[in-house]
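> Spelled out, the chains give:
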Amino acid sequence: MEDNDRNRSDDEEELANVSGIREDRRDWMNELHVRFKQRELRLTTAVIATQIVLLALFVGLWEFAGRRKWIDPLLFSYPTKLLDQLWRTMADGSIWPHVGVTVSETVAGFALGTLLGTLIAAALWWFPFLSRVFDPYLVVLNSMPKVALGPIFIVGLGPGFMSIVAVTLSVTVIITTINIYNRFREIDSGYVKVVRLFGATRSQLFRLVILPGSFPVIISTLKVNVGLAWVGVIVGEFLVAKLGLGYLIIYGFQVFNFTLVLSSLIVIAVVATIMYQLVSALERKLTAGWRER
Amino acid sequence: MGALGLKRDSVLELQRLSHVYVNEKGASLAVENIDLTVSRGQFVSLVGPSGCGKTTVLSLLAGLFPPTKGRVLLSGERVQGPSPKVGYMLQQDYLFPWRTIRDNAAVGLEISGRKTRSSMEAVDALLEEVGLPGAGHRFPHELSGGMRQRVALARTLATDPEVLLLDEPFSALDLHIKLQLEDLVDQTLKRLCKTAVLVTHDLAEAAAMSDRVIVLGRNPGRIRCELAVPDEIRLASPMNARKLPGFQELFERLWSELDAQDEEGGESDGGQ
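For the record, the sequence lines run as chains V and S. Each residue of the first sequence is one higher than the one before, counting from 1 in the UniProt record's numbering. Each residue of the second sequence is one higher than the one before, counting from 1 in the UniProt record's numbering.
Treat the hints loosely; a few may be bogus.
Simulated coverage check for chain S against chain V, where a stretch passes if three residues somewhere in it have a Cβ under 8 Å from a Cβ of chain V [unchecked claim]:
#1 73–84
#2 109–123
#3 243–250
In the SDA-like style, the derived pairs of lysine to any residue whose C-alpha atoms are separated by at most 25 Å in a straight line are [as the list claims (entries may be wrong)]:
#4 V:Lys223 <-> V:Lys285
#5 S:Lys115 <-> V:Phe206
#6 V:Lys193 <-> S:Tyr21
#7 V:Lys223 <-> V:Leu282
#8 S:Lys85 <-> V:Tyr191
It is worth saying that the hints were derived from the structure and are not from the lab. Note that CB positions come from ideal geometry on N, CA and C, so glycine has one too.
The shape of chain V in the complex, shown without the other chains:
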């Protein structure tokens, strides 16, 4: 209603104006908009150009320094050697099993880590007694470097997929639990009151308010976990694997093939970026229309 009133006064103003004046105003405002967009475009172009130049400078300098032997090519290799290595392993197909194993371990790690963390957070929310009991343990576990537990997982679960995913979980689950549980508790009590006043049960409260209200935080935790899972997987592969990009890195070190080490790192960077972008796209899709006030 109040908006109608506002519109009405706009209408009156428009009626009072001669149409010529109104067009003038529109042109003037369009011009302002166009100029604004041009400025934005120029800025974006400058940023991208600088990024490309920086990258080209870095790669060029590296290549030059490597070939000129300013830096030890055995240790630092150089870009064309890396590309050659990558191209060969891609062409003969020997790199794909490594990529496949590492990617599946990472996906399992961050997906399971987020799911498990959310489930534990839900249990803590459901039983406040539990959350009070476990609070100090969570704090201690969170500050402990859990990657150090790796050897125990390997002995317990055997060297392979399971123990690597376990290392990843140990890195992701605790922090996920803490973040999501905190979000559960921060939900504005007004929303809780609304459904309680309708006589909602505790499970309805969780399903209608707590979980959907925490959704953006769960998704952003998923994004953080993508990064953490890579750390867990690579460390896990350092420790045990016979396959995977982390294994390639550690193998490269052992045989003093640093070209292999660096080319594996480049593959990891590319795959991790793709994965992050996919999760970001998922986030945009799932939280469309959802906006905080």
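Based on these hints, arrange chain S on the given structure of chain V.
Frame of chain V, contents of chain S only:
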């Protein structure tokens, strides 16, 4: 108000109601010995200084927590907890940002398991009645504050409650929109013959909307006195009521009651 024909049919009853809040710091007496009866179709306002336990009384009526002493009766039955028979409107709308307007308005139906095709049609009709036709598929962030509070009204009415508890629902709005909404709520409640209890700081709002105004005192909260609103003001819409000759006098009586109690402080034993 046609429903007054069925007079003395009491919907809400508070009997010797006292409530104590307990926390780590200690126990504090919020309200003491409140006796109040509200008849069907009546509109009762609770006014008083802050700390007089207005919101406590409303929460007890809603069954959000049990009173420490005394009883709350709804249509003769003891209130055990929140129920769809009592609707509650908060100061802020608290619409869920992830739900459409329509789904927000239907959340009460969903909770009580009454969300059906026909009840959703009723929700659409209700949204139209509160002045939001065709807004059902929009999201809360697309609406202004006044429009959102209209959705909150529709949400409260959707479960068809017998009693509406209004906890300063207009206080966060601009004056202009506040007056429009007061009229809308008044009209809607009269047409549906709903009983209502309004808590407010705004004496003019209390005087313009109510059949009875209860003035509460503080430390502890208790009923200090009650003013019956003259028929002509009672029957007029809130907007028109403010223009009637008797309105200013009623407002000043309310004002002086509140003033008097400020001077007395918490010492009087109050009540009437």
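> Report the numbers of all earlier hints that the structure fails to satisfy, in ascending order.
Number 3 - this is the single hint that the structure violates.
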